[in-house]
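Student: Here is what each chain is made of, one letter per residue.
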Amino acid sequence: MDNYIIEMLNITKVFPGIVANDNITLKLRKGEIHALLGENGAGKSTLMSVLFGLYQAEEGEIHKNGKKVEINNPNDANDLGIGMVHQHFKLVDVFTVLENIILGVEPNKMGFIQKKEARKKIMDLSEQYGLKVNPDALIENISVGMQQRVEILKMLYRENEILIFDEPTAVLTPQEIDELIEIMRGFAAEGKSILFITHKLNEIMAVADRCTVLRKGKYVGTVDIKDTTKEELSRMMVGREVNFKVDKSEAKIKEKVLSVKNLSVASEHHKNLAVNNISFDVNAGEIVCIAGIDGNGQTELVSALTGLSKMESGQIILCDTDITKANIRKRSKAGISHVPEDRHKHGLVLDYSLEDNMVLQRYWEPKFQKKGFIKKREVRKYANQLIEKYDVRSGQGPTTIARSMSGGNQQKAILGREIDKEHKLLVAVQPTRGLDVGAIEYIHSQLVASRDSGKAVLLVSLELDEVMNVSDRILVIYEGEIVGELDPKKIDVQELGLYMSGAKRDKSKGE
Amino acid sequence: MDKTWIKKITKSKSFSAFTSALLAIFLGLIIGFIVMLFARPERAVAALQKILFYGFTDLGNVFYFATPIMMTGLSVGFAFKMGLFNIGASGQYTLGMLFALYAGFTFDLPLGIHWIVCVLFGMLGGMLWGIFPGLFKAYFNVNEVITSIMFNYIGTYLVDMLVKGSAKMYVPTTTRTAYLPQSAQLPALGIKNSSANIAIFIAIALAIILFIILNKTTFGYELRATGFNKHASQYAGMNGKKNIVITMMISGALAGLGGAFAILAPSTIAGSSQTYEPINVIAANGFNGIAVALLGNSSPIGIIFSSIFISHIQRGGTQTSILGFKPEIIDVVVAIIIYFSAFSLVIKMAAGRLITKMRHSKGKEEVDQALSEETYMPDKPGDNTDDIEEKEV
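Taken in sequence, the protein lines are chains C and E. So in this note's numbering, the last spot in the first sequence is 516, and the numbers never skip. So in this note's numbering, the last spot in the second sequence is 411, and the numbers never skip.
Hints were generated in silico from the structure; no laboratory data involved. Note that CB positions come from ideal geometry on N, CA and C, so glycine has one too. Zero decoy hints are in this set.
Simulated restraints on C-beta separations: (1) E:His249 / C:Asn80: 31 to 39 Å; (2) C:Gly135 / E:His249: 39 to 47 Å; (3) E:His249 / C:Lys394: 20 to 28 Å; (4) C:Ser284 / E:Gly258: 26 to 34 Å; (5) E:Ile230 / C:Asn78: 49 to 57 Å; (6) E:Tyr175 / C:Ser284: 52 to 60 Å; (7) E:Tyr175 / C:Gly377: 36 to 44 Å.
Once the Cα atoms are required to be at most 20 Å apart in a straight line, the calculated DMTMM-like pairs of lysine to aspartate or glutamate come out as: (8) C:Lys495 / C:Asp470; (9) C:Lys380 / C:Asp425; (10) C:Lys509 / C:Asp492; (11) E:Lys248 / C:Asp347; (12) C:Lys126 / C:Glu111; (13) C:Lys259 / C:Glu490; (14) C:Lys429 / C:Asp286; (15) C:Lys231 / C:Glu37; (16) C:Lys32 / C:Glu63; (17) E:Lys234 / C:Asp356; (18) C:Lys429 / C:Asp325; (19) E:Lys248 / C:Asp356; (20) C:Lys137 / C:Glu156; (21) C:Lys494 / C:Asp511; (22) C:Lys394 / C:Glu427; (23) E:Lys260 / C:Glu370; (24) E:Lys234 / C:Glu383; (25) E:Lys248 / C:Glu346; (26) C:Lys350 / C:Glu273; (27) E:Lys234 / C:Glu370; (28) C:Lys205 / C:Glu237; (29) E:Lys248 / C:Glu273; (30) C:Lys95 / C:Glu145; (31) C:Lys137 / C:Glu195.
Based on the provided sequences and hints, a complete structural model is requested.
Tutor: Here's what the structure looks like:
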């Protein structure tokens, strides 16, 4: 039974100030699907990067079929039959599918590419594994799911037998996820070995044979999936019991807070409208969720709402005040709080201290400044209050540089800042992206608390669990249009998926 | 525990900026020395001694020559804080000089007031020349580097044209400007054989004021936030356009003051003054300001020291001609120092990595301690997968 194709023995990888992998051992059997589970920052990606030759470990050995091997760069890994599908695809947008697949290993005669030969091989592979692609389509014109297939075909084309998938389901619809799981099973049946990085427990339970759990750079254990439960896995991952259900009571819906009428926003990427004639309301005391697959106009919608970008046409009314033409500061004063999608780009000044970041929206208030001079003491006092109240943990308290904080605590700081600010509407865009289970739990409870205190909450999310568990009402956005208004209590994930992928739409909505 | 304050200092950002500047200077001098070894091996040691120590015997002139580059350094550094690269300090400097000259020749004001008015006029001239790149950047999204380079040329030619065209200012026989009246010249400090004057104190005072603006006021808060992260400042509702224009105005004013201080400085010869020769050359002091700002890490306080240091080695450098070196050698050395001041950040990071590795092999407890302190590590992985992605490229 101990037929290991890859053994990573006692791997230690150190970065300045942090031990990313501390004496980790991972053994991959031939023909198994092996999940690698851990919270963000647990060291999963680092460990896989070591295996793929992107990093060199300080200590430890890698064995293939019992023999020690040196992997100094991705080419070495490729020679050993190790392939990787990265979380962010490594594709050339303006090349065709075929060109991307053969990139780096182009079959050629005297420097001339033999596309015919390549095409035949790709079509054979495509048929064999049920990975349908159009070899002549440009990458920029195909869907994300399709791009992932191209990445998988790249590995197959190189005849890799050890396949690493780095969070492959993050960008897929429920239907696409099911297909991917089928494909992965097919590979395993063929004798290929799969390493599958994720922090989604459902997928592990569905597809993996065994699972190795990491926590804070350390090895926790390896378990057989058939002998374990979701709860057990999450306890290993987080180190304590986790509550999966979001505790919340019935929504007590009050007055209308936000009203969006016929909003259209131009796209930066293509000629069509990114947001096309959208209308909806959000009331006090409810959490409305904009659900959809990434890139269907959510970013543009929020930018237009919060004033970060201009809208093409339409009207935005906040509590009976028309804020269509108001600038960001005015909207903020009028009562919009915004937890932005990208906390590093918009949410924080990473080189500022935590306390300076805590007043980012409010430094101009008389409370924090007098005649243009910032009241340092007040800022410090306020920052300490927020740190206490929202459990923001950092090395040096209010004077910690934001950059040195963990993602979860950065997000807690932003959320605390935005909730604590006087507001009527809280716009939270993917507030739990990239966070670990503990932080997600906390942020969800804060969103519900905000709702219960009579605020209107507009949540934009790509995570299906979040959409189903947190929201009181779901608006599905597809290609810039709202294609369905759903009640999370009355539908299931599969149906939601159909709306999200555009396969289904309410007749009353849109065209 | 009584060592905590030392730790606090050594861990602070300004300390690391200071050490990296020292490292840059050290490496720059070594390479500069090697260059001199190639030029005249037998005199290189003597020349290095001149560069390092001559300035101490001529402090008056060190301060005198430090003043204009301190101002242009502050100008460039201040704009840097906002994320703007004001390469147009030369043009603003030249305009400041013109305005100061104009006020000096045109107004007839009493002693003690005249020079103040001239200085203020110089400031106005620089401000005027700084506004344009700011406006273009804010409202037409034209890169300030391009505009300010162009404005260097426009400014230089314009000033030379106006100076040559003015009978009051220009003396065709000497091809230089006329002597300014005594009342327009800055009060001298009375150091023998030097033009050291009150402007050095004004410049240092301005640096301190800038430090306060940057670190204590809402305007400084907005400015640095914009410099660090443009998107976050927009998200926070800061008026980026207004701030760009104001920053460029202040930056221009500072460079303009540099020009005014240079031309209004008292002469060592009684009855004369500093003069300007309009020969269509862009003022070097503007570009030296970039070097000063870089070496001073754009910090107003750092710039006080970096400008004095650069002036110091420049004074020494001019003396190397006695030993048969071309005076340009000192420009080479200064350039190397600047080069290393950018490079030293890389060296520092590499050193940091090495230290962490050593600590790790020493024992895990110490690493845990280092971890718990959460020191500022620009490339600490793990808090965001995107960070790792970037490094893979």
